[in-house]
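Chain by chain, the residues run as shown.
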Amino acid sequence: MNIVVLVKQVPDSGSERGLAGDNTVERQSANNVINEMDEYAIEEALRIQAAEGGEVTILTMGPERAAESIRKALSMGPDKAVHVIDDALHGSCALSTSKVLAAALGTLNPDLVIAGAESTDGRVQVMPHMIAERLGIAALTGARKLTVDGGTLTIERQTEEGYEVVTAATPAVVSVWDTINEPRYPSFKGIMAAKKKPVQTLALADLGIEAGEVGFAGASSEVVEHAKRPPRQGGQKVADDGNGGAALVEFLSSEKFV
Amino acid sequence: MAEVLVLVEATRDFTVKKVTLELLTLARQIGSPAAVVFGASGAAAAMSEKLGEYGAEKIYTGEGDEIDGHLVSPKATALASLVTRVQPAAVLLPSTQEGKEIAGRLAVKLDNGLLTDVVELTADGVATQPAFAGQVIVKSKVSRGIPLATVRPNSIAPTPAAATPQVEALEVSLGAADTLAKVVDRVVEQKGSRPELTEASVVVSGGRGVGSGDNFKLVEELADLLGGAVGASRAAVDSGFYPHQFQVGQTGKTVSPQLYIALGISGAIQHRAGMQTSKTIVAVNKDAEAPIFELADYGVVGDLFKVVPQAAEEIRKRK
Numbered sequence: 001m002n003i004v005v006l007v008k009q010v011p012d013s014g015s016e017r018g019l020a021g022d023n024t025v026e027r028q029s030a031n032n033v034i035n036e037m038d039e040y041a042i043e044e045a046l047r048i049q050a051a052e053g054g055e056v057t058i059l060t061m062g063p064e065r066a067a068e069s070i071r072k073a074l075s076m077g078p079d080k081a082v083h084v085i086d087d088a089l090h091g092s093c094a095l096s097t098s099k100v101l102a103a104a105l106g107t108l109n110p111d112l113v114i115a116g117a118e119s120t121d122g123r124v125q126v127m128p129h130m131i132a133e134r135l136g137i138a139a140l141t142g143a144r145k146l147t148v149d150g151g152t153l154t155i156e157r158q159t160e161e162g163y164e165v166v167t168a169a170t171p172a173v174v175s176v177w178d179t180i181n182e183p184r185y186p187s188f189k190g191i192m193a194a195k196k197k198p199v200q201t202l203a204l205a206d207l208g209i210e211a212g213e214v215g216f217a218g219a220s221s222e223v224v225e226h227a228k229r230p231p232r233q234g235g236q237k238v239a240d241d242g243n244g245g246a247a248l249v250e251f252l253s254s255e256k257f258v
Numbered sequence: 001m002a003e004v005l006v007l008v009e010a011t012r013d014f015t016v017k018k019v020t021l022e023l024l025t026l027a028r029q030i031g032s033p034a035a036v037v038f039g040a041s042g043a044a045a046a047m048s049e050k051l052g053e054y055g056a057e058k059i060y061t062g063e064g065d066e067i068d069g070h071l072v073s074p075k076a077t078a079l080a081s082l083v084t085r086v087q088p089a090a091v092l093l094p095s096t097q098e099g100k101e102i103a104g105r106l107a108v109k110l111d112n113g114l115l116t117d118v119v120e121l122t123a124d125g126v127a128t129q130p131a132f133a134g135q136v137i138v139k140s141k142v143s144r145g146i147p148l149a150t151v152r153p154n155s156i157a158p159t160p161a162a163a164t165p166q167v168e169a170l171e172v173s174l175g176a177a178d179t180l181a182k183v184v185d186r187v188v189e190q191k192g193s194r195p196e197l198t199e200a201s202v203v204v205s206g207g208r209g210v211g212s213g214d215n216f217k218l219v220e221e222l223a224d225l226l227g228g229a230v231g232a233s234r235a236a237v238d239s240g241f242y243p244h245q246f247q248v249g250q251t252g253k254t255v256s257p258q259l260y261i262a263l264g265i266s267g268a269i270q271h272r273a274g275m276q277t278s279k280t281i282v283a284v285n286k287d288a289e290a291p292i293f294e295l296a297d298y299g300v301v302g303d304l305f306k307v308v309p310q311a312a313e314e315i316r317k318r319k
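Residue numbers (the UniProt record's numbering), protein chains in the order written: chain A, 1 to 258; chain B, 1 to 319.
In case anyone wonders, no lab produced these hints; they're calculated from the structure. The reader is advised that the hints may include incorrect statements.
What the hints assert, rightly or not - Taking beta-carbon pairs under 10 Å as the criterion, some of the chain B residues facing chain A (in silico):
| hint | residue |
| --- | --- |
| 1 | 85 |
| 2 | 299 |
| 3 | 307 |
Glycine included, each C-beta is placed from N, C-alpha and C at the ideal position.
Produce the entire structure from the sequences given, and follow the hints as far as they go.
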């Protein structure tokens with residue numbers, strides 16, 4: 001089974017993040033890492049590969065610096081990577097991004113595409129369905145469990161009340177939550193091997209997409225303005241002197257919660 | 001006045017979720033609200049009264065196994081053909097997993113811009129969105145098509161405005177690609193009387209400091225006394241104290257209740273990502289230096305196993 005894993009480089013969610021002057025995500029000063037949820041997608045792909053054979057390919061769209069995250073992803077064990085890189089992509093909206101990723105997937109012809117359920121920067125959660133919509137294939141999203149039986153995929157999709165069991169035939173896009181597995185740490189051997197693994201770069205022209213369809217020029221939405229949110233001010237802090245619980249309820253009562 | 005389509009979110013037993021009433025309230029500020037119901041047979045009949053109470057002038061309904069038994073895609077197809085036919089002023093969906101997924105497919109089908117995680121939307125289509133764990137407030141709009149927005153639960157106060165909706169059954173024609181992902185089972189794991197986490201006006205969350213799954217009873221007790229939902233930090237979920245669907249924070253749910261109570265939660269930035277737009281924040285933690293106190297309107301430095309039972313007792317006394 002040939003699997004493509006979508007990997008996005010994002011600013012570290014544990015640090016201060018913001019937008020740059022051109023309203024895109026500030027990446028210049030940020031500590032850029034693999035989107036955490038994508039590590040679970042890679043792990044799931046490697047486990048399926050171990051059972052079913054085939055190849056695991058990383059697919060990333062992003063600027064030059066995303067190459068670091070691609071190497072990091074490869075160090076976990078995938079065979080190769082494709083990096084879609086083009087200056088014209090800067091400022092792309094979700095719609096354009098899905099167009100580019102769908103076109104790149106078209107050149108790879110995978111049986112299975114695995115993605116993280118969301119990225120920690122945008123948290124938009126739409127990419128798997130947008131891609132599936134463009135490719136006319138199934139999307140099984142929000143999986144906390146994935147089983148592969150020949151060409152049949154079955155997931156447990158997390159819902160508010162429990163889960164749904166959803167099934168589809170390959171080819172399909174599956175998105176996974178961080179409850180699905182425990183990602184491996186890259187071994188030293190893996191890190192060394194990753195340096196030699198093939199990374200193919202694709203430009204827009206290779207995908208038959210015009211520069212005007214993507215980036216700022218082709219964006220279907222635009223940021224009008226953005227501002228840092230004023231930091232929340234801490235209020236009253238009291239040490240429990242044996243009446244902390246009662247004092248807390250007094251506060252709740254003063255705010256009409258009790 | 002042009003229609004504003006509102007995708008109805010409901011439970012399996014046809015209870016309209018609060019976010020739907022919030023969306024109808026928002027829709028009234030933009031145009032004439034039209035609710036779109038997708039689900040099992042009988043969905044619209046069961047919900048029309050409630051939808052009318054909050055101002056739905058019209059209800060479009062697509063029901064039956066085909067639409068209900070496949071993931072997302074049939075709903076997006078039905079909605080896209082409706083949008084093309086009625087040319088609404090805007091389309092509003094709940095910013096939940098499924099709401100976002102339907103919106104994503106709709107955006108592709110219509111080549112229409114998409115605004116997600118919206119907390120405010122003006123009549124001229126400018127959306128307010130908190131970004132990066134609420135560190136940044138972004139205003140944006142679509143530059144292609146109509147305002148197509150997913151709106152976060154608890155962003156708008158729902159107010160009734162009675163209308164008598166006219167119900168229209170949709171004729172849905174699905175393509176082969178719409179029925180590829182088949183829902184073969186629905187399993188209910190938790191069913192209680194507590195409100196849903198993202199919709200609750202009070203959320204009581206426990207963290208690593210709660211110490212065990214068993215001790216979460218304390219968190220649940222306080223939540224129940226306040227009529228709230230129970231949440232958990234990632235540390236508590238990773239430690240196996242509480243199930244993942246209750247996780248608040250970066251890789252879990254984003255909540256914005258009137259009152260958020262954090263018990264034994266240090267307040268790492270990943271947790272703050274999911275709760276710092278709450279109106280009032282209360283924290284109990286034994287570490288006086290815990291970052292959660294930087295955002296708490298009221299903080300008690302102390303042992304939660306002493307403070308919480310006392311608070312529970314005090315609330316009972318006052319009831």
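Chain A contact restraint on residue 307(B) - CB to CB distance below 10 Å
Given a least distance of 4 Å, the restraint on residue 307(B) holds.
Cut-off 10 Å, beta-carbon criterion: hint that residue 299(B) touches chain A:
This hint holds: residue 299(B) lies near chain A, its Cβ roughly 4 Å from the closest one there, short of 10 Å.
For the hint on residue 85(B), does the least C-beta distance to chain A fall short of 10 Å?
The hint is violated - residue 85(B) has no Cβ within 10 Å of chain A, the shortest such distance being about 20 Å.
In terms of the numbered hints stated before, the structure departs from hint 1 and from no other.
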